[in-house]
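Here the protein sequences line up with chains A and B, keeping their order.
Here the working numbering is used: the first residue of the first sequence is 1, the next is one more, and so on.
Here the working numbering is used: the first residue of the second sequence is 1, the next is one more, and so on.
One or more of the hints may lead you astray.
Said to hold, decoys possible - Computed beta-carbon distance windows for the label pairs:
no. : chain 1 : residue 1 : chain 2 : residue 2 : range
1   : A       : T110      : B       : N88       : 42 to 50 Å
2   : A       : E123      : B       : T97       : 50 to 58 Å
3   : B       : L25       : A       : P119      : 35 to 43 Å
4   : A       : I28       : B       : T97       : 19 to 27 Å
5   : A       : L151      : B       : L25       : 16 to 24 Å
6   : A       : M59       : B       : S5        : 27 to 35 Å
7   : B       : V67       : A       : V155      : 16 to 24 Å
8   : B       : D90       : A       : F71       : 33 to 41 Å
9   : B       : D3        : A       : V148      : 28 to 36 Å
What the hints assert, rightly or not - Examples of chain B residues lying across from chain A (beta carbon under 7 Å, computed):
no. : residue
10  : Q10
11  : S18
12  : V24
13  : E54
14  : Q61
15  : L63
16  : V67
17  : G78
18  : S84
19  : V86
What the hints assert, rightly or not - To be clear about the criterion: a stretch of chain A counts as covered by chain B if any three or more of its residues have a C-beta under 8 Å from a C-beta of chain B, and this derived list gives those stretches:
no. : region
20  : 65-74
21  : 129-136
Hints listed in this document are in silico derivations from the structure and should not be mistaken for laboratory results.
Every value quoted in this text rests on a predicted model; they were computed, and no experiment measured them.
Even glycine gets a Cβ: it sits at the ideal position worked out from N, Cα and C.
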Amino acid sequence: MRTALFWIFSIAAVASALGVVGSLRSPINSALSLVVSMLALAGLYVLLEAQFVGLIQVMVYAGAIVVLFLFVIMLLNLRGSGAAGAESQPIAKAIGALVAVAATLWLARTLAAGRAPWPDVEEGFGTTRAIGEALYTDYVLSVQVAGVLLLAGIVAAVVLAKKKID
Amino acid sequence: MGDISGYHFQIVAALIFSIGALGVLLRRNMIVMFMSIELMLNAANLSLVAFSREIGNDQGQILAFMVMVVAAVEVAVGLAIIISLVRNRDTVNIEDTSQLKW
């Protein structure tokens with residue numbers, strides 16, 4: 001059952017990631033493919049016993065971030081500008097793409113070479129309770145810094161989107 | 001979990017990261033390039049969570065959570081920059097916005 005779910009989710013994630021990059025017609029198609037990719041990744045997180053991260057993935061990425069993307073795309077009302085300039089230096093880009101894929105696969109092989117069998121995790125691993133307790137005891141400074149960062153991001157977004165650049 | 005191991009999850013993460021990197025390299029639409037950066041961040045998150053499961057320690061999940069916070073801030077600021085650029089230049093093609101190029 002888990003093996004079947006892994007293959008379903010990972011194929012969906014990779015295929016929709018290709019859809020994000022490969023849809024030349026409109027950025028809207030890319031954004032909708034991005035939603036599918038994020039949801040499939042959330043499923044993979046749940047398979048990895050990380051329920052809290054999977055939940056946050058659905059709420060923050062599939063919920064907030066992609067909606068923000070769609071909002072901006074529709075606000076700007078862009079048409080057909082995706083493919084422009086994509087054909088410059090096709091040979092160099094193709095070679096670079098092949099090298100990038102080969103290097104990444106080789107890296108993954110190396111990283112996963114010395115793998116051990118998975119340990120059995122204790123009851124409650126990766127639940128909201130476990131992660132929340134860790135966040136508010138051992139990692140409370142990180143949470144505070146993240147809050148300051150979010151505040152700075154809000155202020156920066158308002159300032160940047162409001163003014164005209166001289 | 002049968003024949004599925006951390007190796008498989010790392011391969012999926014590597015594939016998604018490659019696709020995101022290709023998007024940044026090949027596409028010239030700023031919004032699509034930005035989505036490709038999001039894909040790369042998500043691939044890194046998947047790798048972190050998979051290693052966290054393999055070690056049996058939840059620190060990787062907390063790090064993935066922090067990456068999500070930073071990604072949310074980055075999206076807000078980046079899209080504000082894109083809106084500002086489109087208002088002033090009326091284009092999302094990265095080749096037309098080269099005033100920071102040396």
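Going through the hints against the structure:
One distance hint, 42 to 50 Å for the beta-carbon pair T110 (chain A) and N88 (chain B), holds here, with the actual separation near 45 Å. Range check, E123 (chain A) to T97 (chain B): about 53 Å between beta-carbon atoms, so the 50 to 58 Å window is met. A hinted range of 35 to 43 Å for the beta carbons of L25 (chain B) and P119 (chain A) is consistent with their spacing of about 38 Å. At roughly 22 Å, the beta-carbon separation of I28 (chain A) and T97 (chain B) lies within the given 19 to 27 Å, and the hint holds.
Taking 16 to 24 Å as the suggested C-beta distance range, the pair L151 (chain A) and L25 (chain B) does not conform, at roughly 34 Å. The supplied range of 27 to 35 Å is met by M59 (chain A) and S5 (chain B), whose beta-carbon atoms lie about 29 Å from each other. Checked against the hint of 16 to 24 Å, the pair V67 (chain B) and V155 (chain A) passes, with Cβ atoms roughly 22 Å apart. A C-beta distance of roughly 19 Å is found between D90 (chain B) and F71 (chain A), which places it outside the suggested range of 33 to 41 Å.
In this structure the hint that D3 (chain B) and V148 (chain A) lie 28 to 36 Å apart at CB is violated, the actual value being about 45 Å. Nearest Cβ of chain A to the Cβ of Q10 (chain B): about 5 Å, under the 7 Å cut. The hint holds. At about 4 Å, the closest approach between the beta carbon of S18 (chain B) and any beta carbon in chain A falls short of 7 Å, and the interface hint on this residue holds. Contact between V24 (chain B) and chain A, as hinted, is not supported at the beta carbon level, the nearest pair being about 9 Å apart and thus beyond 7 Å.
Using the Cβ-Cβ criterion of 7 Å, the hint placing E54 (chain B) at the interface with chain A is satisfied: the shortest such distance is roughly 6 Å. Among the interface hints, the one on Q61 (chain B) holds; its C-beta lies about 5 Å from the nearest C-beta in chain A, closer than the 7 Å criterion. Evaluation of the L63 (chain B) hint against chain A yields a violated restraint, the C-beta minimum of about 9 Å exceeding 7 Å. Interface restraint check: V67 (chain B) against chain A, minimum CB-CB distance 10 Å, threshold 7 Å, status violated.
Interface restraint check: G78 (chain B) against chain A, minimum CB-CB distance 9 Å, threshold 7 Å, status violated. A cut of 7 Å between beta carbons decides the hint on S84 (chain B): the least distance to chain A is about 5 Å, and the hint holds. Using the Cβ-Cβ criterion of 7 Å, the hint placing V86 (chain B) at the interface with chain A is satisfied: the shortest such distance is roughly 5 Å. Proximity of the region 65-74 of chain A to chain B, defined as three or more residues with a beta carbon under 8 Å from a beta carbon of that chain, is established by the 5 residues found.
Only residues whose beta carbon comes within less than 8 Å of a beta carbon in chain B count, and the region 129-136 of chain A has 4; three or more means the coverage holds.
In terms of the numbered hints stated before, the structure departs from hints 5, 8, 9, 12, 15, 16, 17, listed from lowest to highest.
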